[in-house]
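Peer 1: Turn these sequences into a full structure, and let the hints steer you where they fit.
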Amino acid sequence: GEDVEQSLFLSVREGDSSVINCTYTDSSSTYLYWYKQEPGAGLQLLTYIFSNMDMKQDQRLTVLLNKKDKHLSLRIADTQTGDSAIYFCAEILPTENDYKLSFGAGTTVTVRA
Amino acid sequence: DTGVSQNPRHKITKRGQNVTFRCDPISEHNRLYWYRQTLGQGPEFLTYFQNEAQLEKSRLLSDRFSAERPKGSFSTLEIQRTEQGDSAMYLCASSEPGHNEKLFFGSGTQLSVL
Numbered sequence: 008g009e010d011v012e013q014s015l016f017l018s019v020r021e022g023d024s025s026v027i028n029c030t031y032t033d034s035s036s037t038y039l040y041w042y043k044q045e046p047g048a049g050l051q052l053l054t055y056i057f058s059n060m061d062m063k064q065d066q067r068l069t070v071l072l073n074k075k076d077k078h079l080s081l082r083i084a085d086t087q088t089g090d091s092a093i094y095f096c097a098e099i100l101p102t103e104n105d106y107k108l109s110f111g112a113g114t115t116v117t118v119r120a
Numbered sequence: 105d106t107g108v109s110q111n112p113r114h115k116i117t118k119r120g121q122n123v124t125f126r127c128d129p130i131s132e133h134n135r136l137y138w139y140r141q142t143l144g145q146g147p148e149f150l151t152y153f154q155n156e157a158q159l160e161k162s163r164l165l166s167d168r169f170s171a172e173r174p175k176g177s178f179s180t181l182e183i184q185r186t187e188q189g190d191s192a193m194y195l196c197a198s199s200e201p202g203h204n205e206k207l208f209f210g211s212g213t214q215l216s217v218l
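Read top to bottom, the protein sequences are chains X and Z.
If you want this note's numbering, it's the 1-based position in the first sequence plus 7.
If you want this note's numbering, it's the 1-based position in the second sequence plus 104.
Errors might be hidden in some of the hints.
Quick list of in silico lysine to aspartate or glutamate cross-link-like pairs, EDC-like style, CA-CA up to 16 angstroms [what the hints assert, rightly or not]:
hint: 1; chain 1: Z; residue 1: Lys-206; chain 2: X; residue 2: Asp-105
hint: 2; chain 1: Z; residue 1: Lys-206; chain 2: Z; residue 2: Glu-132
hint: 3; chain 1: Z; residue 1: Lys-118; chain 2: Z; residue 2: Glu-182
hint: 4; chain 1: Z; residue 1: Lys-115; chain 2: Z; residue 2: Glu-187
hint: 5; chain 1: X; residue 1: Lys-74; chain 2: X; residue 2: Asp-90
hint: 6; chain 1: X; residue 1: Lys-77; chain 2: X; residue 2: Glu-21
hint: 7; chain 1: X; residue 1: Lys-74; chain 2: X; residue 2: Asp-33
hint: 8; chain 1: Z; residue 1: Lys-161; chain 2: X; residue 2: Asp-105
hint: 9; chain 1: Z; residue 1: Lys-161; chain 2: X; residue 2: Glu-103
Derived by calculation from the structure, the hints in this document are not laboratory data.
Peer 2: And the structure:
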């Protein structure tokens, strides 16, 4: 990808909060995304945020956006074993004719009992 | 309709063989995308269609790769003369008109080239 960066691993105890961080490259990206991928499965869109927002909350998920630093985070409250997965941050980048999603390498979240 | 469907789930082939994957997008989604994901990496954009028209192709898509969406519904991705470096998960996604910012992905086809 075009250097969307994420930490590779996160280990968290069940019931605690998880925070996954991401830095992206294009300050003009209009949308920023979090996708979840479980083993052997495709990507599930968890949430996304429009660039004119700095926070979005959806049940246990909170997305924070710092446009100045090009930093995006995903907080999962009360982390459960079913939250164990790879989480991908993505931004929209322009292509020759349109746009595409550019993904980070993913953060593997392991939830321990 | 439960989502984007991809077939087969797994494909093992010998180097030099041709392979073809199929993607059925969510009904009435006019855009269809192909991405490739290698181990430990995020997906990388390959190409996309709006209805039956292929509007964009990444430089990653060599001339051994061809994608079609003849009737604007399902799509096929063919790789000719496969190489070991083609081994990856091939993901298809679709989006509905007016909401191209939301991509819904299938479970992918895992290709292993021996």
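Peer 1: For every hint, state whether the structure bears it out.
Peer 2: Verification of the supplied hints:
1. Z:Lys-206 to X:Asp-105: Given that 16 angstroms is the threshold and the Cα spacing comes to 15 angstroms, the pair holds.
2. Z:Lys-206 to Z:Glu-132: holds (14 angstroms)
3. Z:Lys-118 to Z:Glu-182: holds (15 angstroms)
4. Z:Lys-115 to Z:Glu-187: holds (14 angstroms)
5. X:Lys-74 to X:Asp-90: Cα-Cα ~27 angstroms, so violated.
6. X:Lys-77 to X:Glu-21: violated (29 angstroms)
7. X:Lys-74 to X:Asp-33: holds (10 angstroms)
8. Z:Lys-161 to X:Asp-105: holds (11 angstroms)
9. Z:Lys-161 to X:Glu-103: holds (9 angstroms)
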